[in-house]
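Participant: Spelled out from the first residue to the last, the chains are:
Number of protein chains: 2
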Amino acid sequence: MLPRGRPRALGAALLLLLLLVVGFFLFGRDPEYGLGTTATLDGDPYGSRNRSTSSLQLLLPPKCEVMLHVAIVCAGYNSSREIITLMKSVLFYRKNPLHLHLITDAVARNILETLFRTWMVPAVVVSFYDAEELKPLVSWIPNKHYSGLYGLMKLVLPSVLPLSLARVIVLDTDVTFSSDIMELWALFGHFSDKQVVGLVENQSDWYLGNLWKNHRPWPALGRGFNTGVILLWLDRLQQIGWEQMWKLTAKRELLTLTATSLADQDIFNAVIKEHPELVHPLPCVWNVQLSDHTLAERCYLEAADLKVIHWNSPKKLRVKNKHAEFFRDLHLTFLGFDGKLLCRELFGCPNQFPPGVEQLQQALAQLDEEEPCFEFRQQQLTVHRVHITFLSHQPPPPRPHDVTLVAQLSMDRLQMLEALCRHWRGPMSLALYLTDAEAQQFLRFVETSPVLSARKDVAYHVVYRDGPLYPVNQLRNVALAQALTPYVFLSDIDFLPAYSLYDYLRASIEQLALGRRQRKAALVVPAFETLHYRFSFPNSKAELLTLLDAGSLHTFRYHEWPQGHASTDYTRWREAQAPYRVQWSADYEPYVVVPRDCPRYDPRFVGFGWNKVAHIIELDAQEYEFLVLPEAFSIHLPHAPSLDISRFRSSPTYRDCLQALKEEFHQDLSRRYGSAALKYLTALQQSRSRA
Amino acid sequence: MLPRGRPRALGAALLLLLLLVVGFFLFGRDPEYGLGTTATLDGDPYGSRNRSTSSLQLLLPPKCEVMLHVAIVCAGYNSSREIITLMKSVLFYRKNPLHLHLITDAVARNILETLFRTWMVPAVVVSFYDAEELKPLVSWIPNKHYSGLYGLMKLVLPSVLPLSLARVIVLDTDVTFSSDIMELWALFGHFSDKQVVGLVENQSDWYLGNLWKNHRPWPALGRGFNTGVILLWLDRLQQIGWEQMWKLTAKRELLTLTATSLADQDIFNAVIKEHPELVHPLPCVWNVQLSDHTLAERCYLEAADLKVIHWNSPKKLRVKNKHAEFFRDLHLTFLGFDGKLLCRELFGCPNQFPPGVEQLQQALAQLDEEEPCFEFRQQQLTVHRVHITFLSHQPPPPRPHDVTLVAQLSMDRLQMLEALCRHWRGPMSLALYLTDAEAQQFLRFVETSPVLSARKDVAYHVVYRDGPLYPVNQLRNVALAQALTPYVFLSDIDFLPAYSLYDYLRASIEQLALGRRQRKAALVVPAFETLHYRFSFPNSKAELLTLLDAGSLHTFRYHEWPQGHASTDYTRWREAQAPYRVQWSADYEPYVVVPRDCPRYDPRFVGFGWNKVAHIIELDAQEYEFLVLPEAFSIHLPHAPSLDISRFRSSPTYRDCLQALKEEFHQDLSRRYGSAALKYLTALQQSRSRA
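As they're listed, the protein sequences go chains C and U. First residue of the first sequence? That's 1 in the UniProt record's numbering, and the numbers climb one at a time after it. First residue of the second sequence? That's 1 in the UniProt record's numbering, and the numbers climb one at a time after it.
It should be emphasised that the hints constitute simulated quantities derived from the structure, not laboratory data. Don't take each hint at face value.
It does not matter which identical chain is used: a pair holds within one copy or between any two.
Subject to a maximum C-alpha distance of 20 Å in a straight line, what follows is the list of computed DMTMM-like cross-link-like pairs (lysine to aspartate or glutamate) [as the list claims (entries may be wrong)]:
1. Lys-251 / Glu-274
2. Lys-541 / Glu-529
3. Lys-247 / Glu-529
4. Lys-95 / Asp-180
5. Lys-340 / Glu-358
6. Lys-95 / Asp-305
7. Lys-95 / Glu-183
8. Lys-135 / Glu-358
9. Lys-194 / Asp-466
10. Lys-315 / Asp-368
11. Lys-679 / Glu-375
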C-alpha cells in the first residue's frame with residue numbers, strides 16, 4: 001500500500017509540496033504505510049522469510065535481518081493508551097524490525113492508525129484487523145472476564161493472521177517490556193518439534209482451585225499458564241488443527257462450567273491439560289504477573305533480570321503488593337517517555353522508513369540553518385505525533401444543526417477547561433499541545449475534576465510537542481478534522497462564550513436554513529474582552545452592553561488591533577435584531593461558525609500572528625458570506641502571555657519571517673484564485689506601506 | 001559516617017520527628033550517607049572486597065555482591081549538570097551497587113552533595129575528594145585543552161583514591177551509557193597480568209599527525225587511545241610506579257612539545273607508546289566518540305550494540321556528523337528522565353538504602369490511605385531531589401547591607417522572571433518546582449533570554465516535582481538556605497518590587513544599623529495589587545498613591561483577606577516619613593526583609609493557605625520587631641489560578657486538613673514557646689469561632 005497521491009504533487013513548488021506532505025501525515029485518512037487490512041498482508045515480504053529459518057539462526061539472529069511479528073488485541077480508548085506505553089517499552093529496547101498485527105475495534109483503529117502514521121517509527125510496519133469480524137467466532141463462549149469478547153480473540157489468531165506468518169508473539173496491552181523483545185522471539189528456537197505454544201506458568205493459585213467455597217476453575221496443568229505473553233507457532237497450530245481442538249475442548253468444558261472466568265486463558269489451559277506436549281514453558285521472567293495475590297516473588301527474587309511485567313490485576317498500577325513500587329517505576333518510565341526519541345533508526349541497518357519520511361528528511365536537510373527563518377521552515381515541516389480522542393468519548397448523536405466548539409491549547413491553559421465546560425454545554429473538539437509527560441498530567445487533571453470527567457462529549461486530541469514554535473494552525477486543523485457535527489464554532493481557548501451561545505447557534509443555523517442554502521455562510525460571533533482578572537460574566541446582551549458602557553468590557557483588541565474585528569461593526573451590532581451581512585476587510589479575523597467541511601487553516605503559520613487572518617481570507621476567497629449574529633457574543637479573559645509568545649514578541653527577525661510567510665501565502669492565493677485574490681494582495685501592500 | 005543526631009529526636013511526637021527527618025535531608029549540611037572525604041574511606045567496607053576477587057568471578061558476578069567503583073572529575077555548574085545525565089544513564093541500566101568517587105571543586109561539591117543526599121538512590125555510595133588539593137600535582141603541566149587542569153587530574157587518581165580500592169572505572173562527564181556498567185567492569189577479567197589500563201582506541205586521525213601544517217601531536221601507538229572511559233587497575237599501577245612513570249614521560253616530552261593539547265590523554269598515550277604492554281584495548285563500543293571528524297562509524301556500523309557514547313567535541317550535542325541525531329536521542333532520553341524513577345531498589349538484593357531512608361519509608365507506610373488528609377501527610381514526608389545553583393552563578397561580593405530577593409515558582413510563572421530582573425537589580429535566590437524535563441525547558445528559556453542570561457547574580461535552585469501538593473514552604477526554605485547576603489527579602493514570584501526597592505532596602509538597613517542592634521527586626525514592604533492585566537508600574541510612592549486613589553491599584557487582598565496585611569496600617573503608611581513599628585495581629589502575613597539566619601518556614605504547610613502566616617508568627621514569637629518602611633512597596637500582578645490551587649479551592653476536605661495543620665502547628669508552638677505562644681492560640685480560636 002504505497003501512497004499513490006505523491007507523484008502528482010512533485011511538480012509544484014518545494015514549500016507547497018512539503019506542506020502537502022505534512023498535511024498528508026496529519027490528515028490523510030487512507031490506509032497506507034503498511035496500515036492495510038488483512039488482505040494486504042499476503043504479499044508481506046517479511047512474514048514468509050522466517051518460515052524456513054532454522055532454530056539455530058533464531059538463536060543468533062543476523063543484525064537487522066529478522067523481522068519480529070507481534071499481535072495485540074486492542075479495543076476502546078483506555079487500551080489504546082495502554083498499548084502505546086507497551087509499544088514504547090518494546091521500541092526502547094528492540095534492535096530488530098517489527099511488524100505489529102493489531103486486532104482493533106473501530107475506536108482503537110481510528111486512534112492507532114493516526115498515531116502510527118504520524119509517529120513514523122523506522123522499521124515498524126503496522127497492520128490492522130477488524131475485531132468486529134472476529135466477534136462471531138468467539139461470541140458463543142460465555143465469559144465473565146473484564147476483557148470481554150476481546151480477550152477471547154487471542155484464540156482465533158491462527159486463523160486470522162496471514163498464512164504467510166509462521167510465528168508470532170501475542171501480547172496483552174497491560175504488559176511492559178524491560179528487555180529486548182528479540183530475546184523473547186529467540187525462545188522459539190528452544191521449541192521441540194511438537195511444541196506450538198510458549199507460555200509462562202500462572203503466578204497465582206487460581207487454577208489449583210479451592211480459593212473459596214465453590215471456587216471451581218477450568219482444568220489446568222498444575223498452576224496453569226498465563227496468556228498475557230504467548231509465543232504462537234502459527235503454521236504448526238494450523239497443521240495440528242488448532243481450531244477444532246480448542247473448540248472441542250471449550251464446548252466440552254462448557255457442559256459443566258457455565259462460563260470462562262479468565263477468557264482465552266481458561267481455554268488455553270484446558271487444551272494444554274489434555275495435550276501437555278503442545279506447550280513450551282517459558283522462563284517466568286517473561287511474564288511477571290502483578291495481581292493482588294501474586295506469587296511472582298518466587299520468580300523475580302531469584303532472577304538476575306526481569307524481562308516483561310504484566311499488570312494483570314483489574315487494578316492495574318494501583319495493585320498492592322510488596323514490590324509494586326519497583327514495578328510501577330519501570331512502567332512510569334515509559335508512560336511519560338518522549339515517543340519521538342524512539343524514532344531513531346535501527347543502528348547500522350539500511351533505512352526502513354515509512355513512505356514519505358525520507359522526502360521530509362531530505363527537505364529538512366536542505367534547509368539552511370543560518371537562514372533567519374530557519375526555525376519557521378523547520379517547524380512547518382515537523383510532523384507531530386497525534387493521539388486523537390485521548391480520553392473516553394461519546395460521539396454526539398447525529399443532529400442536523402449541531403455545532404462543535406473547536407479550539408487548541410497547551411498546558412498553561414488547562415485551567416480554562418472547567419469554565420469552558422460550564423459556558424458551552426455542547427460537543428467540543430480540543431487539540432492539546434503536550435509532551436508525553438504532560439499528557440499524563442492532563443489525564444490526571446481530567447480524572448480529578450468532577451466537571452470534566454462528567455463530560456463525555458468533549459474530545460481531547462493530544463498533539464505531541466516537537467520544535468520551538470507553537471504550531472497553532474496544525475493544532476486547529478487536528479481539532480477541526482475530528483469535529484463530528486455538521487457545524488463548527490472556531491474559537492480560541494481564552495474565550496468564554498455566552499451561556500446561551502450553544503442553543504442560540506443551533507437555533508440560528510436552523511432559522512437561517514444554512515444546510516439548505518446554496519450560498520456558503522460564516523456566522524460571526526462578536527468578540528469582547530475584559531482586562532480585569534476578576535470578572536462577573538454577563539448573562540445577556542443587555543448586561544454585556546451595560547458593562548461595555550461602564551468600561552469594564554471592551555470590543556476585542558480595540559486598542560492594539562482594531563482592524564481584526566472592525567468589519568463586525570460593533571455599533572450596528574448594538575442595535576441589531578437580525579443577522580446582518582458584513583464584507584471582508586484587511587486583517588479581519590472574527591470567530592465564526594462554519595460547516596465542518598470548511599477550508600483548513602494554513603499550517604505554514606506557526607508561532608503567533610496572522611494565523612486566523614489567513615483562514616478568513618480563504619473563506620472569503622471561497623465566497624463564504626459573513627453574517628453577524630445579533631445575540632451571539634464571546635469574551636476573552638486576561639492571562640499572562642504564554643512562554644511561546646514572550647519569546648518572540650520583541651524579536652525583529654520574528655516579524656520579518658512573519659512578513660515572508662504572508663507574502664508566500666499571497667503568492668499561493670493568486671495561484672489558486674487568480675485575479676479574485678488581487679484584493680487581498682492590495683490590502684497587504686497598503687498595510688505594508690502604512691507600516 | 002552514620003548520622004549521629006537521630007537518636008535524640010526519637011522521643012518526640014511522630015510528626016515532629018518526621019519533619020525533622022525531612023528537614024535533615026533538605027537542609028543538612030554535614031557530610032553523611034557516604035559523603036565523606038578521602039580520609040573517611042579507609043574503612044570503606046566495599047573497597048577492599050574486590051581486591052582478592054579472581055578474574056573468573058568478575059566475569060560472572062554473583063547478584064548484588066559486586067560493588068562497582070567509578071571515579072569522575074567534575075568542576076563547575078555545567079559539568080555538574082552533565083554528570084547527572086551521565087549518572088541517570090548508568091543507574092537506568094545498572095544492576096549492581098555503585099560507589100562513586102567524585103573529584104570536585106567547591107561549586108560541584110556543593111551541588112552534588114545536596115543532590116545525592118536528597119536523591120536517595122539505593123545502593124549508591126558517594127565519596128568526595130577535593131580537586132583544589134590535587135591542583136599542585138598537575139599544575140606544572142602546560143595544557144591547552146578546554147577541560148583545563150581538571151582534565152589532567154585523571155593522571156593522579158591512583159595516588160588519590162583510597163589504597164583499599166583495587167580497580168576503578170574512570171569516566172568523563174560527557175559520556176552517556178546505553179548498557180549495564182557491570183559489562184564494562186567485567187572487562188577487567190580480560191586483562192593479562194601485565195595490563196593496568198583499559199582504553200578504547202581514539203576514533204580520529206589526531207595522533208597520526210599532519211592534520212594541518214605543523215600539527216605535531218604527542219606520541220601515541222598508532223591512532224592512540226581515548227581517555228573518556230578508562231579501566232584503571234589501581235593496585236597494579238602503584239606496584240609499577242605509575243606516578244614516576246607518567247611524570248618522567250611528560251617531562252621528557254615537554255622538552256620538545258610546549259603543552260598538552262588533549263590534557264591527560266596526551267600523557268596516557270605517550271606512556272603507552274613507551275610501554276605498550278600496559279594497555280588492554282577495549283572494544284570500540286565502550287567509547288563511541290562523536291567529535292566533528294569522528295571515524296566512529298567504522299566501529300558502530302558493525303556493532304550489534306552500542307555501550308557508551310562520548311560527546312568529546314567541545315560542541316557536545318551540537319556536533320555535526322551523519323548519525324548525530326541517533327546519538328542525540330539516546331542522550332536526550334536521560335536528559336529529561338525523571339530521576340525519581342531511578343530510586344528503585346536493586347532487584348532481589350538486600351536493602352541498601354542511605355541512612356534515614358528506611359525510617360522515612362516506614363513513616364510513609366504507616367500513613368492511612370483512607371484518612372482524609374493522607375495526601376498532606378504524604379507530601380510532608382516527601383523528600384524532594386534538589387539541584388542547587390542549576391545554572392552558572394556568581395555569588396555576590398560580601399557587603400554588610402546586601403539583600404537577596406527570595407521566592408519560589410513553577411513552570412507557569414516563568415514569564416515573570418524577565419520583569420522581576422528588570423525591577424530588582426540585586427541578587428536573587430529562586431527555587432523552581434520542576435520535572436526533569438521542565439528543568440531542561442527552563443535551561444533553554446534562560447539561554448534564549450538576553451535579560452536572564454545576562455544576570456549572573458540570580459541563583460536558580462531546581463526542586464524536582466514529586467506528589468500532588470505544591471510544597472510551598474519546602475521550596476521557600478531551599479531558596480532561603482541558598483541566599484548568600486546578610487539579609488533576605490522574602491517575596492512571592494507574582495509580585496514586582498518598586499524599581500528603587502533594592503537600593504532603598506540596603507540604605508534602610510544601613511540607616512537603621514540593623515546589623516549592630518541587639519533587637520531583631522523584620523522590615524515590612526507594603527503590598528499592593530492590580531486587577532488590571534495591562535498596567536503601567538508606578539515609578540514612585542507618589543505615583544502609586546495616585547493610582548490607589550484612582551482605584552487602579554488596591555492594597556493587597558483588600559477584598560478577600562484584609563487581615564493578611566491590616567497590621568501594616570496603610571493609612572499611616574500614606575503619610576509616613578520614617579519607619580514605624582507595628583504589632584502582630586491574627587493572620588498577619590506581610591512581605592519582610594530579615595537577616596538570612598531567620599527562622600525557616602514550617603514545611604508542614606503544603607499546597608495553599610497559611611504558609612506565610614505561620615512564618616510571621618514564628619518571627620513574632622522570636623521577638624522580631626515589625627518595622628514598616630515608608631518608601632517601600634511591591635505590587636502583585638494578576639494571573640490565572642495555578643493548576644495546583646484550582647484543584648483544591650473548592651474542596652471542603654482541603655479546608656479541614658488545613659485547619660488540622662494549623663492546630664498541630666499551634667501545639668508545637670506552645671511546646672516551644674510556652675505561655676508566650678498563648679496569644680496565637682487565642683487568635684486562632686477567635687477566628688474559628690467567627691468562622
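Participant: The structure should be examined with respect to each hint, and the outcome stated for every one.
Facilitator: Verification of the supplied hints:
no., hint, verdict
1, Lys-251 / Glu-274, "within (14 Å within a copy, 80 Å between copies)"
2, Lys-541 / Glu-529, "within (14 Å within a copy, 31 Å between copies)"
3, Lys-247 / Glu-529, "neither (67 Å within a copy, 75 Å between copies)"
4, Lys-95 / Asp-180, "both (7 Å within a copy, 16 Å between copies)"
5, Lys-340 / Glu-358, "within (16 Å within a copy, 37 Å between copies)"
6, Lys-95 / Asp-305, "both (19 Å within a copy, 8 Å between copies)"
7, Lys-95 / Glu-183, "both (10 Å within a copy, 19 Å between copies)"
8, Lys-135 / Glu-358, "neither (39 Å within a copy, 52 Å between copies)"
9, Lys-194 / Asp-466, "neither (50 Å within a copy, 52 Å between copies)"
10, Lys-315 / Asp-368, "between (52 Å within a copy, 19 Å between copies)"
11, Lys-679 / Glu-375, "neither (30 Å within a copy, 62 Å between copies)"
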